[in-house]
Amino acid sequence: MIQFHCHGFYKDPHLLLALLLFCTQPCRAFNIDVRFPVVKEGKTSGSLFGLSVAFHKQAVGQEKYLLLVGAPKERAEPKVPANETGDMYACPISTDPTDCIRMNLVSSDLTGQDEVLDGMWLGVSVDSQKLPGGRVLACGHRYVRIMSSINWRMIGRCYIRSNDLSYDPGDFLWQSYYEVCNPNGNELREGMCTMGISAAITQSEVIVGSPGCYNWQGNADVIWRDTARLDSQNFNFPDMRRGNIYIGYSVAIEHGLLSREKETVVTGAPRDNAKGSVFLANIIQNEDQLKEKVIIEGEQVGSYFGNSIAVLDVNNDSWNDIIVGAPFYFDRMKEEGGAVYVFMNENGSFQKSAASSKMILKGPKNSGFGMAVAAIGDANQDGFQDLAVGAPYYGSGCVYIFTGSKTGILPKPSQVIEGKEIPGGNFQTFGYSIRGGVDVDENSYPDMVVGSLDDRVVLLRTRPVIHLKRNMTLTPQTIDPENCDSCVEATVCFSYTVSTGDSSFRETIEVNYTVKADVLHHGTHSRLHFLDNKDVYTGTVSMPSSQCQTLKLKLVKPIRDKVSPVVFSLTVSLLEPDTKPGPSLQNLNAFPVISEGEVLMENKEIHFQKACGSDNKCESNLQMAARVSDENMHPFPSEKGHQVMQFNTSIRKLILDVNVTNLPSEEKRAEDAHYTTLNVTVSPTLQFSGFRPKDSSIFCSPVNSAVVCELGNPFSSNRKAQIAILFETSMITLDTPQIDFDLQLSTLSEQSDLTPVHVILKVNYILDASFHLEHPRSQVYFSGKVIGQSAMKSTNDIGSPVEFTYKVSIQGKPLGSLGTLMVVFDWPYEVANGKWLLYLSEIQIMGASSHFCEPPGNVVNPLNLTVSERKISRRKRDEGSVEVEHTESQASFKTRGLHKQSVQLNCATGGARCHRFSCPLKNMTDSANVTVRARLWNSTMLEDFKDAWRVTVNGQAILTLTTTKATITMKNVPSEFILEIEPEFEEDAPYEAPLWIIIVSVLVGVLLLGLITLVLWKCGFFVQAGYFRVVPKYHGVKIGREEHYQINEGFFAEGSNKKQWMTIWTEM
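According to mature numbering (1 follows the signal peptide of the UniProt record, and there is no 0), the residues represented by the sequence shown are -29 to -1, 1 to 1039, in order.
Derived from the structure by calculation, the hints contain no laboratory data.
Please read all numbers here as calculations on a predicted model, not as lab measurements.
If a hint is listed, it holds; no wrong ones were tucked in.
Here are the computed lysine-lysine pairs in the DSBU-like style, where the Cα-Cα straight-line distance is at most 35 Å:
1. Lys246 <-> Lys391
2. Lys305 <-> Lys246
3. Lys575 <-> Lys377
What follows is a set of in silico ranges between Cβ atoms, one per label pair, in the way DEER data are often shown:
4. Gln658 <-> Gln715: 19 to 27 Å
5. Leu546 <-> Ser457: 23 to 31 Å
6. Ser873 <-> His605: 49 to 57 Å
7. Gln260 <-> Ser120: 32 to 40 Å
Note that CB positions come from ideal geometry on N, CA and C, so glycine has one too.
Assemble the whole structure, with the sequences as input and the hints as a guide.
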């Protein structure tokens, strides 16, 4: 199955490049000319001028070729009682588009019978006898005979005229009007036969299709004429009771189908079984019947298989093959529309179904591909008949040209002609009808006429095909660079012959040729230039006689590549002369085309002389080994055949250590390896940083995503080289399981075993994490009195608060979904006798997706007490707003001397019991804080450790990694905390006496005071004395310095300069 589009068949650009460079396939072209078309226009718009077309050679009178064109909706002639009858036009081969002549077939043979000529569609089919002096034929399938006022019979009518297009009464056996259907029957017989919808005329027969016979079963009528004996005979299919299949929709008759000698009738029935079919029938002489022998069935409902047929010998085996069009075939998924089936004749037999066809050509959707199929003769004179296929509804319409071959129709079209390509054509349905096979300009190449529904047709002539011979000779075959500057010559020679073999064809032909020197190094690195300092030369030669030209070239030194050959390419094309439109047809002999079998490019090569033995071929023996090392050139260790790198962020670079040798062996001579390069492709996790060659001639550089090292030109025999290629590791991440290195040596010398070397470096990523406690040693105190567990309502009732904050951080990319860091705690929650020790109240996490750690097992706040450390502003729990309350000490005086013990509590010695639990740091980025808050169980301290002056508690946390990737590891990071617990001195509360004691004491005091007062009064204590006798007298005496009282000077403030006095008080 092949699909085509009007814009040309598919070309793979890579295949095309290979075609141009290496000439492995011939360049293909075809010779249907569109530059000088012959366009003919109808007289009346809407007449469907071009619905049917044919060629005719007039031999009577003026000998000339004509185009026969049907116009089935042409206006009636003035004398004809109708508005629209249709007619056939004869168009001369000229440049005038309006010189077609109407044949006036109806008026030339009016019968006077009761008939309806209006709308008879005369010209729906036209044809011409393929013999000297042959007649012409035109039919109108809608001609109506009136049998009565209520019985009108659409039986159709055909007209035949002489070679000069005139009516010859003497040729009545042929030129009487044809009405092969019996009008006396109704539509179930032949009363609706619509004869002439298809028609053909041979040397002795007229065959017409009548799809309306027998309730639209249809028929094909063969009318045999014997002019010498004035005899005739009709043959057709009997009523097979198969209504609505439309036999006769297309017709043909040829020898070489089912028999080489006998004729076979081929007719399409496009509605047979809704899929369509094609009948192949023999003529049964003694029964006046056609007998079907083969029925080829269509494959798709509604495809109209059998709409068009063509008979031609595409492989030149003397058996005619059958081409069948199905213009309404479609494949929505593949966007195909229209199909053409090629049925190859297998010694008189055919495949019996369309699906079995060995070649199916398909067009683009909605194109009507296959609406017309036509044998167009051997258009390129290669010995095989060619085929044209119309697709009138694609764009402006298309015609596809397919060439025959020994194996049948070639699957790709040789030429695709679009209606819009035709100058002055203005086509919209180009390709609705096609006929070919007649050489109207007598240049030995058959031409083609294409019709449309646009009231216009076009004659497309064929151009001569030439076989162009060319030869390129290069000297010398071996270049010695030391003794050659301009010693190279390229000689090109050309000649041609025409494909028909006509030796008298001596047209002057201009050939344009291009020679490219050193194709493999074309451009800035070319090693040869022509004398104009370019590596491309373009010239022209004029023939018919053989022509040669010699071109000189010079070396471009220095020559770096002496191994690869110097390839020359020669491409040719024909130069078409410029012409101007004129009153006469352009002679196409001046516009030949190169045969489609010709190769348009030729390559030849020469070589440089090398120091590689007598054969001038260098056979190298390059070998390579590679391993990966650290920056200090220490190779990474190997495990299971691959090196393994324990990676962490401190490793900044690594080295690919490559050793290359060219040493002889028993099998190889190890000659110079010219233009030796090393190509290293590495995973994108590494970036090229540099190289450390031990040989200054080696150079490495990044090229796109690879590193290319030039090792030498040449890399000489018996040479060794070591290259250290440095790569940065900044792109290595947690999800890098391995690093791949692909190393490939290449050389222009001959060595077939240069296979790639693949080095794999497995990556074990060691996560670089830090884990530390802000204050690993803390101190708290206990005091007060014992409180029972049942009396506790909040954590503040338990005892002094304890808080530890762990800081976690990692270097590099976060773990993400590859793993999770876990903080594993060994928490001393109780002493050996089962009493509480450190009661966990909460664990808060900052920097992870979870803000609190709640390990299983009811580890945190198992008594479900109110957490005093957490103050929440709302009843709704808001884990992002937490404040920590620190309880002040209950006393300020400490005492140690009264206690005699120091106690150590840890889980290892059994003094304490620990819970082991984990807190995952899910979705942690690069850092996180884990804060553990607890309470010292005060009652346990008072009950069990009242005689201890210090209790030391030890616990630890370990940072671990949980991951499913075996290539990611991390060393566990422990962190230990120490909690020192000491007692606090508490002041005794003051004694409060009972109230009655206070009252009695007050009363006794009052009585005692009264008694004392009375005694004093009796003793005269309250008697008043004289004022001056009792007033004290003041005497101040200055003391000399030498009589000062000697005391420690530190007793006084520094720098005091006050006088010293002695004061004496005396009572008077």
